[in-house]
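Chain B: place on chain D using the hints.
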Amino acid sequence: MSRLIRNPRAQALQGHRAGIVSRALAFAADLGIAFVLATGLFAGVSLLWDLFFSDDLGVPRPAGGVSATVIFVILVLTLGLGWGSTGRSIGKQLVGLRVVRADAAPLEPGQAYLRAILCALVPIGLLLALFDRRNRSVQDVLCKTVVVYDWVPEVAHVPVPRPQSGQPGA
Amino acid sequence: MTGPGGPPPDPDPPPVAPVAPVSPVAPVSPVVVPPAAPGVFDLVARGARVGVDAAGLLAAEVADATVRIARAVLPPAVTTGPLEFVGDAVDRRRTEARRREAASADATADAVQAVVRRVVELVIDQIDMSALVRRIPIDEVVDQIDIDAIAERIDVDAVVARVDIDAIVARIDVAGIVASMDLGAIVRDSTTGLAGETLDGVRVQLMGLDLLLARLVDRITFRRTPRDTAVHGYDVAGPEIRTPRGLR
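Residue numbers (the working numbering), protein chains in the order written: chain D, 1 to 170; chain B, 1001 to 1248.
Please note that a few of the clues may not be correct.
What the hints assert, rightly or not - A few chain B residues that face chain D, going by a derived Cβ cut-off under 8 Å, partial list only: (1) Asp1157; (2) Leu1209; (3) Ala1214; (4) Ala1230; (5) Gly1233.
To be verified - Covered by chain B, per the in silico footprint, the following chain D stretches (three or more residues, Cβ under 8 Å): (6) 4 to 15; (7) 41 to 49; (8) 89 to 100.
It should be emphasised that the hints constitute simulated quantities derived from the structure, not laboratory data.
Even glycine gets a Cβ: it sits at the ideal position worked out from N, Cα and C.
Only chain B is shown next, with the shape it has when bound in the complex:
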């Protein structure tokens, strides 16, 4: 498996533009590549330019070979001065010719790309895409897709691991939710509900015994009037906690 960061560097990079082992004495004229998109005419012209450059390089090759032969054949005293002059000229030309050759090749490639792009656009314009799509058997294509196999290849754990749960939680307004809940009422209802119900059951029994005994005694003592159990002014829901004198 390759780690993150893209493919490993190519251990064997392709060679740069092949350089002709030649020193040209080529006909040189400055060519200005037009910035506009090249067309078919440009393609032809630049193809011809490449041919001319190749011919120039060939001529330079011949000149270079001639110089080497002259060096080998003629006596050094005679040949040193002129041949060195010619050699320097050949070296200068060689550099210029290589640059021009590369520029011509690039320009030609651009022209080829532009022409091909134009042709493809024309072809695409001619195609009725909707008719083409209509002819595609969508159902058959879909039938051939194995969704389960695709799903099996999905690493759910990796997907989940990339989800920033903390960021999601941070966006939830927990304080607002808690504030909207009446926790006090919930706690009060649950506790008084359970404990209160049980206690009230016992209290009702005691209250019944109170009344039973009182009635029994009243009957034994021949009391005619019922007991007076009311307490005037007592408020069941009123305040109970006595306020100390110092706090009044």
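One chain only, chain D, in its complex shape:
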């Protein structure tokens, strides 16, 4: 019932450590989503504030430090939430990547958030994956994690039970 991956080379590389381009793009997507969420948050809060406490509606222009902090927090939250549950953030889900422990087990929440903070603070650490023999970034080395190709999420592997007449305990 699993979804078919037509490219045989890609099929063979499922479950292997991912390279730097895929991972960089996934991180860029996550960063973009954090930007969008932060903008929406600013706009929403500003609108509510102006509705109740101000005479005119204005476009918020927060200080650079505030923006960066909000984006950082949102990024860490979304990354940590995704990696700590399925191992996939939204960007990684898009590119088809998954973060797991070096022993292939799912990340613990603390491990996931630590990795998220490191990634958000020093994204340049990803460059190590270009040179490391096992495609590890600085964050991977510190958190003992690996990033693998896994295009098909678990739900696409699970066959949906077919409803049949006379099936007991339906």
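Positioned in the frame of chain D, the structure of chain B alone reads:
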């Protein structure tokens, strides 16, 4: 057009059995109509009975006229008693005679019907129906029938309007049909099929770039052994969602 419910009531109903304006003093004897189907003998006998009844009514007419003439001619003192006695007798007879006349007419009509039916049955028995049918030019008859004209006269809308669609639909096991279809698989196949194919195209490109860059770096750094990208114990189709500690 006449509405549903049959033809309108006849505004001018036909008169009931004609009653002779006569008071009979007829020879009356009780006639018992046999319940069995009447035959030719019955027909003759009942025809004669009708004639006798008519003669009786005629006699009564004469008697009635005689009474009226006597009333007009003779002095009342003499005639009142006897003539009233005779008048009462005539009235009684009149009622009896009318009933008997109607009964005789009905019985005669029954006899006529039975005889005619018997004759027709005999005639039909004598006819070779198959030979008769064989002599009918079916093709010519069919050729003369204008099917299109008949079809044009059929009010299809009225026919369709009389069809109870709801009752037909109610007899269809919609739940059973839906249950026999794997809707989940259909939705999953269609969505993952389309979106998945497009996404996989991009992913393959990225994967190719990954490998290209890695090979390039390996060549620049004079690395001899290929990269070790395998992750031991990783199951691509395995469970992904981490179970929280409280739910284990």
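Go through the numbered hints given earlier and state which of them the structure violates, listing their numbers in rising order. When the structure is compared with the hints, numbers 1 and 7 turn out to be violated.
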